[in-house]
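Novice: Use the sequences and the hints to build the structure in full.
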Amino acid sequence: MALLKKNQNLMNLIKKVHSVVENADIEKHRQSQDYFGALLGNNKEAAIREIEIGGMYGEWVSVNRAHMKKYVILYCHGGGYSTGSSLYARTLTTKLAMSTSMDVLSFDYRLAPENPYPAALEDAMKAWDYLMLLGYGARDVIIAGDSAGGNLALVLVHKLKEEGRILPRGLVLMSPWTDLTSSGKSHETRKEVDPVLHREYLEQMIQNYAEGQELTDPFISPLFGDFADFPSTYIQVGDNEVLLNDSTMLHKKMVKANVPVQIDVFKGMWHVFQMSPFKTAYEAMEKNAEFIYDICR
141 MALLKKNQNL MNLIKKVHSV VENADIEKHR QSQDYFGALL GNNKEAAIRE IEIGGMYGEW
201 VSVNRAHMKK YVILYCHGGG YSTGSSLYAR TLTTKLAMST SMDVLSFDYR LAPENPYPAA
261 LEDAMKAWDY LMLLGYGARD VIIAGDSAGG NLALVLVHKL KEEGRILPRG LVLMSPWTDL
321 TSSGKSHETR KEVDPVLHRE YLEQMIQNYA EGQELTDPFI SPLFGDFADF PSTYIQVGDN
381 EVLLNDSTML HKKMVKANVP VQIDVFKGMW HVFQMSPFKT AYEAMEKNAE FIYDICR
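Heads up: take any position in the sequence shown, counting from 1, add 140, and you land on our numbering.
I should point out that these hints are in silico values taken from the structure, not numbers from a laboratory.
One thing to keep in mind: the hints can contain errors.
[As the list claims (entries may be wrong)] Label pairs and their calculated CB-CB ranges:
no., residue 1, residue 2, range
1, Y197, V405, 31 to 37 Å
2, D404, T356, 26 to 32 Å
3, A259, E426, 33 to 39 Å
4, H338, I306, 35 to 41 Å
5, P358, E430, 37 to 43 Å
6, Y197, E328, 23 to 29 Å
7, G277, Y197, 22 to 28 Å
8, Q344, I306, 33 to 39 Å
9, L274, A178, 22 to 28 Å
10, A178, A259, 20 to 26 Å
11, E351, Y433, 37 to 43 Å
[What the hints assert, rightly or not] Below, in silico cross-link-like pairs of lysine-lysine (BS3-like), each with a Cα-Cα straight-line distance of 25 Å or less:
no., residue 1, residue 2
12, K407, K325
13, K184, K427
14, K325, K396
15, K210, K184
16, K299, K184
17, K168, K209
18, K325, K393
19, K393, K407
20, K419, K184
Ideal placement from N, C-alpha and C gives every residue a C-beta, glycine not left out.
Specialist: Right under this line is the structure:
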């Protein structure tokens, strides 16, 4: 009972923090997220190196110690395709760099509604090609992402596959948004407990990014794509989020397509809980690292 109450208090706190960040004015929303990213993503053990990728901002996040150079993580940030940035994602990229001892490259893809689909995908391809030009092989890259970034990570692999290119070594997805048709039952069953996402917000994000598009297009809702030959994938999702079924349905489809896939559903957790500075978030990041080490052997 005490644990339940403690979890409820935590959920209420997350709801309050999220309501501070969320703002009807999209520019203010973006600024608030960057502020929180700068505040919570600041870590003395991580070094940030800013770069430009064909006119697009990117940054390398590395640990200030001996670390693995052979493999690299390409990180796609979340934010419903309308907000978010590399700065906002530092709450995740610094933890990922520290837990894996690998370099993480994140990039600021163009945002909707100013730049709707397919702008983000074009920019993700640009970041991928940049890594290839640096001399990394496709099999040296793990693509990771949270929320809409998880969507973008999957879409990028669908695109590489369509073009007949070599696919990355693996995928790490945190609360991925895989289905913009919102067909999962968890949109109803979790709507009272989810402290982060709600229907109006998601509808606005869908309108911003994909208005007039066919939402079952695999390059918009990757859940509807063909997963044959997809790389090893690890999915993390919170039990208390409306996007729970976006992950469980993805897992089922991947299993059916014989993809080596694992899923962890974290009890009592919310959408992209890994951003928070507390024990379960760090444990989840350690599990991400274990998966990455496993596929890089």
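Novice: Hint by hint, which ones does the structure fall short of?
Specialist: 5, 6, 16, 17
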